[in-house]
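Participant: For reference, the chains in residue letters:
Protein chains: 6
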Amino acid sequence: MRISARNQIKGAVVDVKKGATTSHVRVDIGGGQVVTSSITNEAVDDLGIKAGDKVIVVIKASDVMIGVD
Amino acid sequence: MRISARNQIKGAVVDVKKGATTSHVRVDIGGGQVVTSSITNEAVDDLGIKAGDKVIVVIKASDVMIGVD
Amino acid sequence: MRISARNQIKGAVVDVKKGATTSHVRVDIGGGQVVTSSITNEAVDDLGIKAGDKVIVVIKASDVMIGVD
Amino acid sequence: MRISARNQIKGAVVDVKKGATTSHVRVDIGGGQVVTSSITNEAVDDLGIKAGDKVIVVIKASDVMIGVD
Amino acid sequence: MRISARNQIKGAVVDVKKGATTSHVRVDIGGGQVVTSSITNEAVDDLGIKAGDKVIVVIKASDVMIGVD
Amino acid sequence: MRISARNQIKGAVVDVKKGATTSHVRVDIGGGQVVTSSITNEAVDDLGIKAGDKVIVVIKASDVMIGVD
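Going line by line, the protein sequences match chains A, B, C, D, E and F. So that you can map any letter, position 59 of the first sequence is 58 in numbering that gives the first Met the number 0, and since no number is skipped, the others follow by simple counting. So that you can map any letter, position 29 of the second sequence is 28 in numbering that gives the first Met the number 0, and since no number is skipped, the others follow by simple counting. So that you can map any letter, position 6 of the third sequence is 5 in numbering that gives the first Met the number 0, and since no number is skipped, the others follow by simple counting. So that you can map any letter, position 12 of the fourth sequence is 11 in numbering that gives the first Met the number 0, and since no number is skipped, the others follow by simple counting. So that you can map any letter, position 1 of the fifth sequence is 0 in numbering that gives the first Met the number 0, and since no number is skipped, the others follow by simple counting. So that you can map any letter, position 3 of the sixth sequence is 2 in numbering that gives the first Met the number 0, and since no number is skipped, the others follow by simple counting.
It should be emphasised that the hints constitute simulated quantities derived from the structure, not laboratory data. Quantities reported herein were computed from a predicted structural model and do not represent experimental measurements. There may be inaccurate statements among the hints.
Simulated crosslink set (PhoX-like; lysine-lysine; CA at most 20 Å straight-line) [said to hold, decoys possible]:
| id | chain 1 | residue 1 | chain 2 | residue 2 |
| --- | --- | --- | --- | --- |
| 1 | A | 17 | F | 17 |
| 2 | F | 49 | F | 9 |
| 3 | C | 49 | C | 16 |
| 4 | A | 53 | A | 17 |
| 5 | F | 9 | E | 9 |
| 6 | B | 17 | C | 17 |
| 7 | B | 16 | C | 16 |
| 8 | B | 9 | A | 9 |
Given the sequences, and given the hints that come with them, work out the whole structure.
Facilitator: See below:
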């Protein structure tokens with residue numbers, strides 16, 4: 000499937016922390032940047048996401064803000 | 000201000016495309032990656048965002064999905 | 000690509016209304032239900048979305064609310 | 000209350016899984032489709048959501064993506 | 000309809016600015032605070048939202064961030 | 000950092016409820032209004048958020064809906 004979300008960044012899973020219903024997946028996207036994703040435990044199990052996996056971080060453009068120092 | 004959003008990635012504005020009410024801001028975050036942000040025209044004007052500016056892309060962890068090829 | 004978003008519903012595009020930067024895509028998911036999606040014009044062009052196309056409506060679980068009459 | 004969210008789909012609660020702070024509510028919207036919603040435990044308690052209840056799945060248009068196979 | 004979204008704040012519409020597909024609605028919630036909402040033109044028309052109307056600002060808890068100065 | 004999010008409302012933390020991975024932070028924004036925020040435990044720890052703290056509630060305009068009674 001190709002998806003409309005404008006932001007699709009390749010990376011590697013650093014770790015997966017499972018909670019009661021919600022997991023946090025951290026993905027190294029290179030350049031010293033780690034992105035944190037909060038998804039359901041079911042999604043983690045369904046896709047079989049685990050440390051070391053090659054994945055794609057997907058973010059809809061309307062969920063991206065801009066900050067200025 | 001420091002903010003709870005887990006994902007804060009430094010980059011440089013590539014371009015700003017203004018619509019009637021909504022702007023699209025593209026930010027080069029390095030490594031050949033460009034992130035697209037959809038924000039209000041008011042935000043662009045208020046922060047004075049323009050091509051070349053150093054900015055920070057800010058994304059809440061609950062808005063990040065994971066894809067697997 | 001397979002994606003972590005829990006909600007992936009097949010449907011057919013009813014129409015695409017393009018604005019200055021943002022498009023509204025309406026998708027018939029069957030059972031008399033039409034879902035409206037607000038995405039960037041770039042996404043519409045990139046995926047070549049047009050009326051009649053078979054598509055998949057994708058929604059992250061954390062973006063779904065529950066109402067009670 | 001009537002709400003601006005464009006997507007309001009009737010269904011019946013399949014099950015509610017409560018976590019430490021976050022619940023997952025699965026709703027059968029007909030046609031073999033089940034939608035998963037991630038909401039606070041407080042919302043589940045406040046609305047008294049339980050299996051079998053008739054509910055309405057509510058999704059803002061800007062949270063809907065389009066996928067193409 | 001009652002809705003699971005935890006944040007429902009009463010206010011009065013200050014103004015509505017319609018774009019090509021997206022409107023910005025500003026709502027005075029009292030205490031000198033004005034909240035900006037970005038919704039579809041269709042939602043504005045469907046609910047008949049106009050300056051002076053009593054409305055309720057609705058925000059899902061997972062869309063609220065915390066900042067610290 | 001200044002941020003593009005249009006809604007930034009000052010308040011005081013009422014309480015923080017930590018779950019396994021996700022925390023709920025309730026913030027009194029005055030006028031009898033309490034806003035609930037769902038963020039990661041890591042964000043709570045990183046910013047040191049606790050009851051009584053002066054904070055700023057931050058919400059992107061595209062995440063705000065309008066209800067009408």
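Participant: Hint by hint, say whether it matches the structure.
Facilitator: Taking the hints in turn, this is what the structure says about them:
1. A:17 with F:17: 14 Å, holds
2. F:49 with F:9: 15 Å, holds
3. C:49 with C:16: 10 Å, holds
4. A:53 with A:17: 19 Å, holds
5. F:9 with E:9: At roughly 17 Å apart (the allowed maximum being 20 Å), residue 9 of chain E and residue 9 of chain F satisfy the hint.
6. B:17 with C:17: The given pair, whose Cα atoms are some 14 Å apart, holds under the 20 Å limit.
7. B:16 with C:16: The hint holds at about 19 Å.
8. B:9 with A:9: 17 Å, holds
Taken one by one, the earlier hints all hold for this structure without exception.
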